[in-house]
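When you get a sec, could you build the whole thing from the sequences and use the hints?
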Amino acid sequence: MARTIPIFSQNSRSTVTNLEFRVSPPLALYVHVPWCVQKCPYCDFNSHEANGTIPEREYVDALIADLQSALPLIWGRPVVSVFFGGGTPSLLSPAAIDELIAAFRALAMLAPDAEITLEANPGTVEAEKFAGFRSAGVNRLSLGIQSFNDEHLKALGRIHGAAEARRAAQLAGEHFDSFNLDLMYGLPGQTHEQALADVETALSFSPSHLSCYQLTLEPNTRFAAFPPELPESDICADMQESIEARLATAGFSNYETSAFARQGKQCKHNLNYWYFGDYLGIGAGAHSKLTLHDRVLRQMRWKHPKAYLDNIRSGNAIQDETQVEAKSLPFEFMMNALRLADGFHPSLFEARTAQPLIGIQSELKAAEADGLLVVGPEKIAPTAKGRRFLNVLLERFL
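Residue numbers for the sequence shown follow this note's numbering, beginning at 47 and rising by one.
In case anyone wonders, no lab produced these hints; they're calculated from the structure.
Mixed in with the good hints there might be a few duds.
Straight-line alpha carbon distances no greater than 30 Å define the calculated DSSO-like cross-link-like pairs of lysine-lysine that follow [claimed, not checked]:
no. : residue 1 : residue 2
1   : LYS425    : LYS349
2   : LYS311    : LYS175
3   : LYS349    : LYS200
4   : LYS314    : LYS175
Here are the simulated distance ranges between beta carbons [as the list claims (entries may be wrong)]:
no. : residue 1 : residue 2 : range
5   : THR237    : ALA294    : 13 to 23 Å
6   : GLN407    : GLN216    : 47 to 57 Å
7   : ASP144    : SER408    : 47 to 57 Å
8   : VAL438    : ALA294    : 35 to 45 Å
9   : ARG341    : ALA294    : 37 to 47 Å
For glycine and all other residues, C-beta sits at the position ideal for the given N, C-alpha and C.
Below is the structure:
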């Protein structure tokens, strides 16, 4: 799973006001498809129930126009990855995905070996499209399984059942060399054994990547208004530890907080986020982070699909644009990079923030003294304790 969600923060320690970026970060392209068949009660993403057919032709044209209007901001920069997120991108036809990828290659400098991921639901209709998506140029699939247990899927408001989840996972393996299965734990009524059973079922399909998230009750969702009874926090912590241990024995590296991958199969698109790379987001509600010579811009497209389509017609895709304050960049960088088990090379901090690492030297030393961080000439990375108490670690850089 990948999302272009903006991070706004305050960090008053830095007094840098003039930025100069010598090298542009890698650039990814995020494509948001805002429709789904049914809104899940836990979902706080920008998704809207389709209520019938979606305006595919109009939306494809809008996405291409959106990219064309953004080209002056990314001239000459290769696009290293593409991620179709949602909503449910697999509601689009393979022909629409094929047309979009062809347009991306024609308009932008899409790298020949670019990772192109599409999120899909395990429903029967979407699964029947997998071969078409692969032929269109998608080379990585991300399936929103959540659980292989009918009872838990029903509690989550999912429209697919366990049998469909298994069939979709099987088809993903048949058509894609690289695919991800999304799982959730800490579900209503879920036991420790049931959480591990979902992991075992997922492993039986030999995925290259797994995303394992604890269910949380997000504001402005149906679950927030009518909260279900969830397992106690200690039980969820035990689930997390057991899942991490099981996946480790299966040869998966827990390279990011909720992401597990076999060697060489990490999600390149998500890694670019965590390394504080750049991304251009097109589509309703999509967010962008773009590094120019002397500033970092954040943009948000019009959020509601109708507003997005209406404004695209008038040549105005962007609802909001802000320049990130220089003093905010160090925290934003750390908030992303410290999610990674391997951390980052010290030189990357200056490359991504245009500020010297010495500006946060005291915070680094304090975190290291508390056993939260390892600081060396080749790598700055969270310790096991730092990963477990990531929020505590990040607070050091506020």
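Now for the hints, and whether the structure bears them out:
1. LYS425 x LYS349: Not OK: LYS425 and LYS349 at ~39 Å, beyond 30 Å, violated.
2. LYS311 x LYS175: holds (23 Å)
3. LYS349 x LYS200: Satisfied, since the Cα-Cα distance of roughly 29 Å is no more than 30 Å.
4. LYS314 x LYS175: The given pair, whose Cα atoms are some 24 Å apart, holds under the 30 Å limit.
5. THR237 x ALA294: 13 to 23 Å: Distance hint for THR237, ALA294 holds at roughly 22 Å.
6. GLN407 x GLN216: 47 to 57 Å: For GLN216 against GLN407, whose Cβ atoms are near 52 Å apart, the range 47 to 57 Å holds.
7. ASP144 x SER408: 47 to 57 Å: holds (53 Å)
8. VAL438 x ALA294: 35 to 45 Å: violated (24 Å)
9. ARG341 x ALA294: 37 to 47 Å: holds (42 Å)
Checked against the numbered hints given earlier, this structure breaks hints 1, 8; the rest are met.
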